[in-house]
Amino acid sequence: KQEVTQIPAALSVPEGENLVLNCSFTDSAIYNLQWFRQDPGKGLTSLLLIQSSQREQTSGRLNASLDKSSGRSTLYIAASQPGDSATYLCAVRVTGNQFYFGTGTSLTVIP
Amino acid sequence: EAGVTQFPSHSVIEKGQTVTLRCDPISGHDNLYWYRRVMGKEIKFLLHFVKESKQDESGMPNNRFLAERTGGTYSTLKVQPAELEDSGVYFCASSQIGRGGFEQFFGPGTRLTVL
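Top to bottom, those sequences are chains A and B. The opening position of the first sequence corresponds to residue 16 in the working numbering, with each subsequent residue numbered one higher. The opening position of the second sequence corresponds to residue 469 in the working numbering, with each subsequent residue numbered one higher.
Keep in mind that a hint or two might mislead.
Residues from chain A that keep clear of chain B, each with C-beta distances beyond 10 Å, as calculated [claimed, not checked]:
no.: 1; residue: E30
no.: 2; residue: N33
no.: 3; residue: L34
no.: 4; residue: N37
no.: 5; residue: S61
no.: 6; residue: E71
no.: 7; residue: S74
no.: 8; residue: N78
no.: 9; residue: G86
no.: 10; residue: G119
no.: 11; residue: P126
Quick look at which bits of chain B chain A covers, simulated, 3 or more residues with Cβ under 8 Å [said to hold, decoys possible]:
no.: 12; stretch: 503-516
no.: 13; stretch: 532-545
no.: 14; stretch: 575-583
If you're looking for bench data, these hints aren't it; they were derived computationally from the structure. Computed from a predicted model, the values in this text were never measured in an experiment. The C-beta atom is built at its ideal place from N, Cα and C for all residues, glycine as well.
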């Protein structure tokens, strides 16, 4: 059974700092991995999708990497801003379209 | 383009009552998924529709939960009778077959509280 772990559970950084969020999964047989952002009381916003054949994806200040063989993904956020404060979730897609989610990293960017 | 919408946003019911949640996927998306997050736990898969057919319902907790997607458009998730442990946030997501690697787009969720 696939298990997804996100470390740390919570992170607080000063504005402007670069940071890395980690996601690990136990079964490397995945189709893709998706990073989401969730604001309090809101739904999930898709940030980046990495196919199993890809190593990284970039969108603006965000860069996500995938090392399928070691079961790891990282989300790099450059020059963090207070508006980046949210919970970040990673999810891996396995056979049959089912997604397995981590419990998330709660990020606070201090002005 | 409208995103995934869910109704209601909140529902508070008593144990033993029935509740029906609704999800409207992005227009043209054949894949529709239901997920649930209970307090302090990760989001868990419930089931997956392709058009009106249930493709995978392995995550449905028990037979008190019934999902339908008549006509392959919107979907409903009925809980009958509701129990205390059914409380949580129910998310719906949709994706388009063969496009974007099945990138899933999520709705805002329905927060269900069973008293």
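To see whether the hints hold, each was checked on the structure:
no., hint, result
1, E30, "28 Å, holds"
2, N33, "26 Å, holds"
3, L34, "22 Å, holds"
4, N37, "15 Å, holds"
5, S61, "6 Å, violated"
6, E71, "15 Å, holds"
7, S74, "12 Å, holds"
8, N78, "17 Å, holds"
9, G86, "16 Å, holds"
10, G119, "8 Å, violated"
11, P126, "27 Å, holds"
12, 503-516, "holds (count 7)"
13, 532-545, "violated (count 0)"
14, 575-583, "holds (count 3)"
Checked against the numbered hints above, the structure violates hints 5, 10, 13; every other hint is satisfied.
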